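Protein chains: 2
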Amino acid sequence: MMLISTTSQFSQGEIIALWSVLGTAIAGLLYAGFLMAQVLREDCGTKLMQEISGSIRTGANAYLYRQFKTIAFLILLLTAALYFTAGEKHIALGRACAFLMGSIFSATVGFVGMNLAVRGNVRVAAAANRKSFSQALKIAYRTGTITGMLTDGLGLLGGTLIFMIYGEKAYEVLLGFGFGGTLLALFMRVGGGIFTKAADVGADLVGKIEKNIPEDDPRNAATIADNVGDNVGDCAGMAADIFESYEVTIVSAMILGWASFGHKGVIFPLLVRAVGVIASIIGTYAVRTKEAVRDAMKAINIGFLLSAIISIAGFSLIGFFYFRFSDKPQLPYWLSLGVPGLDMRPVWTTMVGIVLAVTINRLTEYFTDTHKTPVKSVAESCQTGHATTIITGLAVGLESTVWAILVIAVAILISAVIYQGTNPTFIAYGVSMCGIGMLTLTGNNISMDVFGPVADNANGIGEMAHLNKDARQILADLDAVGNTTKAITKGIAIASAVVAAISLFNAYITDIGTITKQSYAEVASLLSVADHNVFIGLLIGGAIPFLFSSLTIKAVGRAAFLIVKEVREQLKDKDVWEGKKLPDYARVVSICTAAAQKELIRPGILAILTPLLVGFLLKKEALGGFLAGMILSGQLLAVFMANAGGAWDNAKKLIEDGLFGGKGSEAHKASVTGDTVGDPLKDTAGPALNPLIKVMNMVALLAIPLVVRYENSPKVFWCAAIAGIFLLILLIRNPKQTKEELEILKRA
Amino acid sequence: MMLISTTSQFSQGEIIALWSVLGTAIAGLLYAGFLMAQVLREDCGTKLMQEISGSIRTGANAYLYRQFKTIAFLILLLTAALYFTAGEKHIALGRACAFLMGSIFSATVGFVGMNLAVRGNVRVAAAANRKSFSQALKIAYRTGTITGMLTDGLGLLGGTLIFMIYGEKAYEVLLGFGFGGTLLALFMRVGGGIFTKAADVGADLVGKIEKNIPEDDPRNAATIADNVGDNVGDCAGMAADIFESYEVTIVSAMILGWASFGHKGVIFPLLVRAVGVIASIIGTYAVRTKEAVRDAMKAINIGFLLSAIISIAGFSLIGFFYFRFSDKPQLPYWLSLGVPGLDMRPVWTTMVGIVLAVTINRLTEYFTDTHKTPVKSVAESCQTGHATTIITGLAVGLESTVWAILVIAVAILISAVIYQGTNPTFIAYGVSMCGIGMLTLTGNNISMDVFGPVADNANGIGEMAHLNKDARQILADLDAVGNTTKAITKGIAIASAVVAAISLFNAYITDIGTITKQSYAEVASLLSVADHNVFIGLLIGGAIPFLFSSLTIKAVGRAAFLIVKEVREQLKDKDVWEGKKLPDYARVVSICTAAAQKELIRPGILAILTPLLVGFLLKKEALGGFLAGMILSGQLLAVFMANAGGAWDNAKKLIEDGLFGGKGSEAHKASVTGDTVGDPLKDTAGPALNPLIKVMNMVALLAIPLVVRYENSPKVFWCAAIAGIFLLILLIRNPKQTKEELEILKRA
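Chains as they are written, first to last, in this note's numbering: chain Z, 1 to 748; chain V, 1 to 748.
No lab work stands behind these hints: they were computed from the structure.
Note that the structure is a prediction, hence the values are computed from the model and not measured.
Each hint should be verified, as a subset may be incorrect.
Below, a sample of chain V positions facing chain Z; criterion: calculated Cβ distance under 8 angstroms [to be verified]:
no.: 1; residue: HIS386
no.: 2; residue: ILE390
no.: 3; residue: VAL407
no.: 4; residue: ILE408
no.: 5; residue: ALA409
no.: 6; residue: ILE427
no.: 7; residue: SER525
no.: 8; residue: HIS532
no.: 9; residue: SER633
no.: 10; residue: PRO705
no.: 11; residue: ARG709
Backbone N, C-alpha and C define an ideal beta-carbon position, used for all residues, glycine too.
Next comes chain Z alone, as it looks inside the complex (with noise of 0.2 angstroms):
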């Protein structure tokens, strides 16, 4: 089991090439850390500011803890599980040990993320003390920018050493590696988004509607919990779902490269990351503005801009230089530019990835943007009402949906047309790299995500800590821009989320020959959505995602009604409702860490259980239908929730911003409903939805040599039918309320 030690077919070349993709992995580590350092130096305003945001690093640290806790023993059971169902021993030792490593990168950019998130936001605000705009930017700035460097090195290591290791079997073991990452994700998104939604809508429910009192007032014994949520759903969430769309599109791209174009295949995509993570060293560290013009966005996309043409410079020359075949037909121009033996292929469907990346950016912007008619049709709406804005909001997402999946089909199409005429293999290798292409500067991409929560909760401290005007409004303008780039991430997230769904359910095709060692021709024929096994499967698949949905808008809801009972009651204390005492902050904390953990169990259950349980009961024809239909309907509710909350969002900022009456007018109360009911729609079951078409694809990679050697065994099935009772009693029946909550419920 040494490096490389399977892989000596490999040109000296390739292996200087794959050691070189490993140092850039740890460059790319070594550069988040010095960041980290950078950061961490910077002066961190004054004692007020540092109580305020310890309390947010407090809770914030709990609810981690507490997660991790909860999701520890669920690891290791199925890193033991993992271990006894593989067949070789040692793969199934590499599979294990990477499931392990998989659960554990993620958890570590979800964890250092933000916990570097908690401390950067209060050193922008003292730069911003300091009234230095460019100071206050490039701290929160450069924060995002470690998280986004960790998950690129992480990333990048993780796949690389497998594929040092194991070489031409790396295979299985890379699967364990995607599954851990995607697992906890999920976990991350689900618990995270039920966390943050339900102290906003909490802290909401009780301050602005029912007590008049502003955002962030601090006898709102809601505020820390709302500043935490921001920290844990939007940071640690979205960086563990980010970090493994870009493990599962490795992932895919390698298994699928592999089975293409053999080694060649699978050493491309590593070194188009490699160039991804210079690219994005350079960019994100170019990322400043002068004080004199103070224009954040400029400065972040200009740093966007210098990494996608380093990137795009860097892969099409080593796909040029690389990407040769002297046994090969010669293509035709466009695919060789006449070079013999030249295939461009590869290099083409990368780029195809980066437009796809930058078509749904701009497709997002259009539908949550306030400067676009979307948006502005939501706010004129809200003039005639609630129900009005509602509608509006909901036939925006409908749309927009429709749009996203029609830009995603025409990618998967113009891959198979630069693959004409081969088989069906090399088309899928060609989405995956279009997946590997979209989260080339997934660094640059993460720096502006985990800007957003950094930048507002600055902006929190700043009003809870007094700033003076200037420095409230350098942190207005930060926050108002993180908005927007953390509403452009989120397209990307669902986007690739999908790609990467399509290379995975791409593989499981690939995979199920292998077992029954049948063409691919052969097992794609099994899977006709004319057969009814398949049909069927398409139906269930299709129904998970809003069975899915259903469930954590529920615990939303049901987390939500405890925080309004709480605070209200903490309200009802005198000192407290004067300003004289601060409320009890901590216990909202706790009690909204306590509901996430417990409504995480179904939703949990429901993802890893449908997959095995279709495929055991209904065979595998079942799930290939169950993993497309899924797929589909996945993205169209993602999409569709994620926009119409986007939509709903900035509508409310038009009007607060002085439309149609502005603050305190009905055209506003009518905008905060719209922005309430999106809230759990495009930070809750939407963002949850990326993670969970992956989980549920990789289940169905992992059982599918099960499921076909207990094909015909009927213990098997009817185990599994017992299992399917038992899902089902859970799914019907609501969660058991715990003493505490009952305690909460009862006094008021």
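With chain Z fixed as given, assemble chain V onto it according to the hints.
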């Protein structure tokens, strides 16, 4: 071209059976005529009542007249197109005529049904005024039965006639018949849906919310339009919709029956339907209650039960004596009852259909009934405001659609188990017999459905004509029962649409096989979700119901906005506001009518053009995926919208009955928001998805020979591409405002 000329392979008994079916169809129509005479003989109440009812009738007729005028041209155009696209001359002529017949029948059902409803309503009110509950119930229910029996009679008549004329060549002609009915239903549903909700939402926004005047207040210029809307939406739209499901299920059962069991497979569904007609006649006539009991729901349920028993006994006996084959191997006991040669499988699958109908009813009831948890939870969430009301309703809707689709999946699975070991055509036949089973009691279903708007309108007339308290109570009771029956039939309409669509989808595959001379298995292998073309089709197909819903919801919004402006303007007239002068009701009706006609163009074109474009641009494989994706997401969205809407509606009723503060409380306001949001979902977008999925399937079926023939024609490809660009532009741009609309908008 003589009756049964080409069917000489039929036994003497079968020919008698066919004539009996024809006779039964005519008997059904005669029964409808008999009831019509009976209802029209009834007393029409006071002059004021007649005036009000007259306004509603005039408005409804004006709407339908304009609707038919708008689509008459399209129907004639398509009749010609169908004539020229078919192969053999006399088949082509038959198909074109059948198309015309299908659309005329569908229109007749809608037109006559609505016309009777607007005459029946005032007679029901008059009966209540004479303090006779039993009379009022009888008139209201029988008014509905007229439409029900028309549906039964015409649907059966058309199918049987075509089969008797064309025998084994009936297939292509039947397609024309199905398409005619479906297309008309689509327009009736979309147009009616936009009309009814524009009027309803518009009336509520100005009346209830702005001016704080009660519903049906005569000063509100949109009141009559609102009542007209109930008829054109719930009555004409729904009747046309169920008529086409009735038609499409028989068409697909006949097609698949021929492909599996030969002539027995065709004659059996016709016989089942005939039994259903007889059962419906007896069951509906038995609906009555004693004056002392006054339990309308019980009376209706007893009638339904009676029909069900007669029907089940009838088709089981027929199956027992008819489905015997001397040349086939003995089936296991549960499929043959041990009788040599007997094949009970078609009977069992029909039975599954009945169980499916009952289960779907119970599910719909569970999620929308005021006594059950979901509606109660929505009502509870009304206490915490508008936003939580919406969130809870969305969660209920999302969950409900999951169970509905699972039940359908189980029904398909059972059909597959029953036909285990046969070729897929038999399984498909089983599914289509499920559809036949579900719609056996269409007579009763439509009676129950149309009973809804008749009772609703009668109640409205009672209110406007200031009837005495006793009469008002009777009418209110009937109205409440009507709401329940209406909701129940909605579930059946959607589920039957999906089952019909699945049958059509199977016919699509059989059809490709006939054209390309391949076996079912060969064709099926082309339609693999592992094929990128199929997958792209799946993505596009899945997106269409979302786009369609967005279009129809926005259309309601635009039309309602016009109504708001108009009603506001009319209320500015002091005489109208003080009740000294009636507002101009007709003008609002006319605005609604114009808006509905204009707004149905884009969804209509979308429905017809998209399958053609997918077929000609991306080939038959993509079209197959398209159909599967569209059925999946169509069903999920339709039930989601219907049940979320139903839950909000009934949560409002719960609160209006006094819960959580009752009328006028904050909870009530939130519940009104929920109801208003639900309106366009449950009465416009949701129901319009039923005909949509069938129309698209029908278009695919009709176009498939051309799609295959021009598969490699660049000319056709580029024509389709240009049409695609045209469609995109049409979809992106909002419809132009007419001169009249601009005037309304300018004035206010």
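Going through the hints against the structure:
1. Because the smallest distance between the Cβ of HIS386(V) and any Cβ of chain Z comes to about 4 angstroms, under 8 angstroms, the interface hint for this residue holds.
2. Taken as an interface hint, ILE390(V) checks out: its beta carbon lies about 5 angstroms from the nearest beta carbon of chain Z, inside 8 angstroms.
3. A cut of 8 angstroms between beta carbons decides the hint on VAL407(V): the least distance to chain Z is about 10 angstroms, and the hint is violated.
4. Taken as an interface hint, ILE408(V) checks out: its beta carbon lies about 7 angstroms from the nearest beta carbon of chain Z, inside 8 angstroms.
5. Restraint check, ALA409(V) versus chain Z: the minimum CB separation of about 4 angstroms is within 8 angstroms; hint holds.
6. For ILE427(V), the suggested interface contact is upheld, since its CB lies about 5 angstroms from the closest CB of chain Z, less than 8 angstroms.
7. With a cut of 8 angstroms, the hint placing SER525(V) at the interface with chain Z holds, because the nearest CB-to-CB distance is about 3 angstroms.
8. Taking 8 angstroms as the C-beta contact cut-off toward chain Z, the hint placing HIS532(V) at the interface holds, the least distance being around 5 angstroms.
9. Taking 8 angstroms as the C-beta cut-off, the interface hint given for SER633(V) holds, the closest approach to chain Z being about 6 angstroms.
10. Contact between PRO705(V) and chain Z, as hinted, is not supported at the beta carbon level, the nearest pair being about 18 angstroms apart and thus beyond 8 angstroms.
11. The restraint placing ARG709(V) at the interface with chain Z is violated, with a minimum CB-CB distance near 21 angstroms, outside the 8 angstroms limit.
Consistency with the previously given hints fails for numbers 3, 10, 11, ordered from lowest to highest.
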